[in-house]
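There are 2 protein chains.
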Amino acid sequence: MPVPTPDYRLYLVLDPKLCAQTGIVQTALAAAQAGAGIIQLRAPYWKKRELYECAIELKTALAPFKIPLIIDDHVDVAVASGADGVHIGQQDLPATCARAMLGPDKLVGLSINTIEQMKNVDPTIVDYVGVGPIFSTATKPDAAAPIGFDGLAQLMKICPVPAVAIGGLKANHVKEIFKAGADGVAVISAICGQKDPNVAAQTLFKECPDTRLTR
Amino acid sequence: MPVPTPDYRLYLVLDPKLCAQTGIVQTALAAAQAGAGIIQLRAPYWKKRELYECAIELKTALAPFKIPLIIDDHVDVAVASGADGVHIGQQDLPATCARAMLGPDKLVGLSINTIEQMKNVDPTIVDYVGVGPIFSTATKPDAAAPIGFDGLAQLMKICPVPAVAIGGLKANHVKEIFKAGADGVAVISAICGQKDPNVAAQTLFKECPDTRLTR
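So the sequence lines, in the order shown, correspond to chains L and C. The numbering used here puts the first residue of the first sequence at 16, with every later residue one more than the last. The numbering used here puts the first residue of the second sequence at 16, with every later residue one more than the last.
Because the hints were derived from the structure by calculation, they are not lab data. Incorrect hints may appear among the rest.
[Said to hold, decoys possible] Cut-off 30 Å, straight-line C-alpha distance, at most; resulting in silico cross-link-like pairs (DSSO-like, lysine-lysine):
(1) L:K210 to L:K74
(2) C:K134 to C:K32
(3) L:K172 to L:K194
(4) C:K134 to C:K155
(5) L:K32 to C:K62
(6) L:K155 to C:K62
(7) L:K155 to L:K194
(8) L:K32 to C:K155
(9) L:K155 to L:K32
(10) C:K134 to L:K62
(11) L:K172 to L:K155
(12) C:K221 to C:K155
(13) L:K62 to C:K221
(14) L:K185 to C:K62
(15) L:K62 to C:K74
(16) C:K32 to L:K62
(17) L:K172 to L:K210
(18) L:K74 to C:K62
(19) L:K32 to C:K221
(20) L:K62 to C:K62
(21) C:K32 to C:K81
(22) L:K62 to L:K32
(23) C:K172 to C:K155
(24) C:K185 to L:K62
(25) L:K155 to C:K155
(26) C:K81 to C:K155
(27) C:K185 to L:K134
(28) L:K221 to L:K81
(29) C:K221 to C:K32
(30) C:K74 to L:K155
(31) L:K62 to L:K210
[As the list claims (entries may be wrong)] Here are a few chain C residues that sit away from chain L, every Cβ distance over 12 Å (derived from the structure):
(32) P138
(33) Q169
(34) H188
[Unchecked claim] Which chain L residues stay away from chain C? Per the calculated CB distances, all over 12 Å, these:
(35) Q48
(36) K63
(37) S204
Idealized CB from N, CA, C, for every residue including glycine.
For reference, chain L alone in the conformation it holds in the complex (with noise of 0.2 Å):
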């Protein structure tokens, strides 16, 4: 089945942990239903075999909304749960390595914290980056240095692919990442953990262009 072109728009980042009370695949669902174009699932301290397992049941879950779905930094869980992709980090494996084990037709997604990262990026190899953190953020404690909107319209003017904004962002940031030149903001703890994930999700959606982005 051919990957959907993403609407990056509104990208979630999916935190087992964060989301315990409303349930990981309850709250994949909430966020389509809202409008979310993307979903990575990134659970690092798991064992691959549940990444693997949830990962499956995200696919199942989310195939009518027709998202891609994406396995943050294990390639090996990517290909084998079928999902759509892969998102790595600068510590990951090379993104060379992950499109060849993915083959052509997937996405590989790459996070960009500085300006000489960005003039690294191959748009033939990576599909969209990640661009961050905007601000700092508990989500991750052993992110780089925060790079704030200025830092962000920095890179977008560099930038060969589609990007997502991601560190810290709530709703009343959303007008601020696209105003930098972003396509799409991405968020973990503004939609996991929320009460109603859904109405977190519509909330961010509001804030976003009427129509995706295209380069």
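Please arrange chain C on chain L, whose structure you already have, making use of the hints.
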């Protein structure tokens, strides 16, 4: 390049943290020179880039010895680095997924702790098993319950593939391990972090049968 047929008698599991004094590659070479016939790289505390780069370095260093290099858990790192196989636990990706990604020629090893798990070993998928832990060990605090020599002997009766025993093993245990029917001993701290890893490996290897066992 085809994967060499392993001599399972002395199986080194490299723990980079424990090898700090001697060095990782130096420890691997010291063990290979002393008779280790298969080497696994296991660093659950590392990001994948570091694991990948270390695997490539080890693969190059070990090439003259024609002994296989196995990667713990991460099938993607094994594929990307050109290692000779992967070792998976019961909570890692299913063996069938590992086999599908690695192709028919690479090695797939599986950790076994119970009769139930041993009964489920498919010899068309799994090349060898790691049986244990024989004793409890500080190197793997999340390991299953120790099975002792008797438990090993019970499991070996129904083992369909070559087996290495693992878990707190030292030179004085080696004869008992082979008597119980195993094809090899796997060690971490009996070599890694020892003042002279070459002497430590020689001491272990001297206790092994003179020729490799075949099934």
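Item to check | Broken hints, by number | outcome: 2, 13, 17, 19, 27, 30, 36
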